[in-house]
Amino acid sequence: MKNCEYQQIDPRALSVSPSSAQNHTEKKAQRPRRKWEVFPGKNRFFCDGRIILARQSGVLPLTLGLIVVTCGLFFAFDCPFLVEHLTVFIPVIGGVLFVFVVISLLRTSFTDPGILPRATPDEAADIEKQIDTSGSSTYRPPPRTKEILINQQVVKLKYCFTCKMFRPPRTSHCSLCDNCVERFDHHCPWVGNCVGKRNYRFFYSFIISLSFLTSFIFGCVITHITLLIDDMVMLSCLDSSLCTVVELVICFFSIWSILGLSGFHTYLVASNLTTNEDIKGSWSSKRGAEDSGNPYSYNSIMTNCCVTLCGPMPPSLIDRRGLLPPDEATPAASASDIELPLFAAKNDTHMVG
Amino acid sequence: MHSASLANKVFIQRDYSEGTTCKFQTKFPSELESRIERTLFEDTVKTLNNYYAEAEKIGGQSYLEGCLACATAYLIFLCMETRYEKVLKKIAKYIQEQNEKIYAPRGLLITDPIERGMRVIEISIYEDRGSSGSSSGSSSVSGSTAR
Chain R
1 MKNCEYQQID
11 PRALSVSPSS
21 AQNHTEKKAQ
31 RPRRKWEVFP
41 GKNRFFCDGR
51 IILARQSGVL
61 PLTLGLIVVT
71 CGLFFAFDCP
81 FLVEHLTVFI
91 PVIGGVLFVF
101 VVISLLRTSF
111 TDPGILPRAT
121 PDEAADIEKQ
131 IDTSGSSTYR
141 PPPRTKEILI
151 NQQVVKLKYC
161 FTCKMFRPPR
171 TSHCSLCDNC
181 VERFDHHCPW
191 VGNCVGKRNY
201 RFFYSFIISL
211 SFLTSFIFGC
221 VITHITLLID
231 DMVMLSCLDS
241 SLCTVVELVI
251 CFFSIWSILG
261 LSGFHTYLVA
271 SNLTTNEDIK
281 GSWSSKRGAE
291 DSGNPYSYNS
301 IMTNCCVTLC
311 GPMPPSLIDR
321 RGLLPPDEAT
331 PAASASDIEL
341 PLFAAKNDTH
351 MVG
Chain B
1 MHSASLANKV
11 FIQRDYSEGT
21 TCKFQTKFPS
31 ELESRIERTL
41 FEDTVKTLNN
51 YYAEAEKIGG
61 QSYLEGCLAC
71 ATAYLIFLCM
81 ETRYEKVLKK
91 IAKYIQEQNE
101 KIYAPRGLLI
111 TDPIERGMRV
121 IEISIYEDRG
131 SSGSSSGSSS
141 VSGSTAR
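Top to bottom, those sequences are chains R and B. Under the UniProt record's numbering, the first residue of the first sequence carries the number 1, and numbering increases by one thereafter. Under the UniProt record's numbering, the first residue of the second sequence carries the number 1, and numbering increases by one thereafter.
Looking at chain R on its own, in the form it has when it is part of the complex:
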């Protein structure tokens, strides 16, 4: 073992800037910026980086509007009648469901779905060096796939030209957000964000609670109309029954799609699949019956459900609120702070640019 003839290097001095060629004397008089301001993907950030959304918020306002309007009409016009005739728990249950739906929806929309930060230039160069073994000077684009074994099954990893890395298994690049997202399920325009590893459980609880809410309102509205017809007063209060009919129409059309979606995602959760894999048929038995099962499944419905919905919550990898070093324009290695809770009290020492 050769002796290293080096003097001890103080790690704290090194962690400030890896390339000590940059001199610290040239401090520009600009306020320190946060990493979200130079984020390369197509995302929008609010509250100084605490909230992340896709570039096109899609129909999120429409989704929120439909839910709020329908529930508003329900509480205003159906609840007084039903409280009189049935029970006081009806608005209570409705209120609880409504709050749950809105919170899940906002969590799904505003949470980082599991975005992978792009490779640093050093990493990208290292990967290209590993692949380019011929040593020729002409630039050859790296091969697009790498095969690895997962649980004794061959899985192909693709190279992402935008993010300059081999995508981990189950990761996919969303063209709308221009990011690689871990355990990519789909990009949902209703929610205005990608659905991936970190917000799948919020998305699932959103659609399940929305199914319950829609069915509940539908049931109440049917009961209301039935009781009105019994009482033969429908014609005299046309306004309120018109609102009830509006709710009926909205619920009727949304209930089929929401229930269908919930059923589909329940199937996906139970078999530990993503929408992306299901649509592409990655694990279907098209190559033959021997080894075409899903290598990520635990082969037990209960375990799959628990792992997907109640598994540990991974942290956000993109460190939106970290500060950039003052004299670099691109995000570099700096002390990262563990992601702050989403709506923590504002510690406003820097203005939003």
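Calculated directly from the structure, the hints in this document are not laboratory data. Please note that a few of the clues may not be correct.
[Stated by the list, open to error] Derived DSSO-like pairs (lysine-lysine); straight-line CA-CA distance at most 30 Å:
| no. | chain 1 | residue 1 | chain 2 | residue 2 |
| --- | --- | --- | --- | --- |
| 1 | B | K27 | B | K46 |
| 2 | R | K146 | R | K280 |
| 3 | B | K9 | B | K23 |
| 4 | B | K9 | R | K146 |
| 5 | B | K57 | B | K23 |
| 6 | R | K158 | B | K23 |
| 7 | R | K158 | B | K46 |
| 8 | R | K164 | B | K46 |
| 9 | B | K23 | R | K146 |
| 10 | R | K129 | B | K46 |
[As the list claims (entries may be wrong)] Covered by chain R, according to a simulated footprint, are these stretches of chain B (three or more residues, beta-carbon under 8 Å):
| no. | segment |
| --- | --- |
| 11 | 58-69 |
| 12 | 113-125 |
[Stated by the list, open to error] Rough simulated footprint, nothing fancy, chain B against chain R, three-plus residues with beta-carbon under 8 Å:
| no. | segment |
| --- | --- |
| 13 | 100-113 |
| 14 | 165-176 |
As the structure is a computational prediction, the values presented were derived from the model and not from experiment. Beta carbons: idealized from backbone N, C-alpha and C, even for Gly.
Starting from the known structure of chain R, arrange chain B on it as the hints suggest.
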């Protein structure tokens, strides 16, 4: 304050043989052969792998955390630190310790994988500005200078 310049970077890639759980390859890279003993390096990577396995372990406690979170409409994540975050703090401390005790004396620096999107463990190799770049010492002393 000693001057040192960055000579090279080595990237330890992820090991996906057991699925998508976070685990790094323990293969010893050839660039580090002259810098650090193989056993020390493997110990570091194995300890890191154990920490990540502990963070991602599915069992009673993680289910309890998940169900409690669901019951509170996930608002509990705003006030409570998740187990994963607690383990990440332990990992950061461990890496800093390892850097101070073992890697810095040998002119190396480990970057926490969380700063690289958990894709790689980046090990930076530093050269002392005074020397000619490659360790050409022929002595076979195996003890390390500072521990």
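Against the structure, the hints:
no. : hint              : result
1   : K27(B) - K46(B)   : holds (11 Å)
2   : K146(R) - K280(R) : holds (19 Å)
3   : K9(B) - K23(B)    : holds (20 Å)
4   : K9(B) - K146(R)   : holds (22 Å)
5   : K57(B) - K23(B)   : holds (12 Å)
6   : K158(R) - K23(B)  : holds (19 Å)
7   : K158(R) - K46(B)  : holds (27 Å)
8   : K164(R) - K46(B)  : holds (27 Å)
9   : K23(B) - K146(R)  : holds (18 Å)
10  : K129(R) - K46(B)  : holds (26 Å)
11  : 58-69             : holds (count 7)
12  : 113-125           : holds (count 9)
13  : 100-113           : holds (count 4)
14  : 165-176           : holds (count 4)
In the structure shown, no violation is registered for any of the earlier numbered hints.
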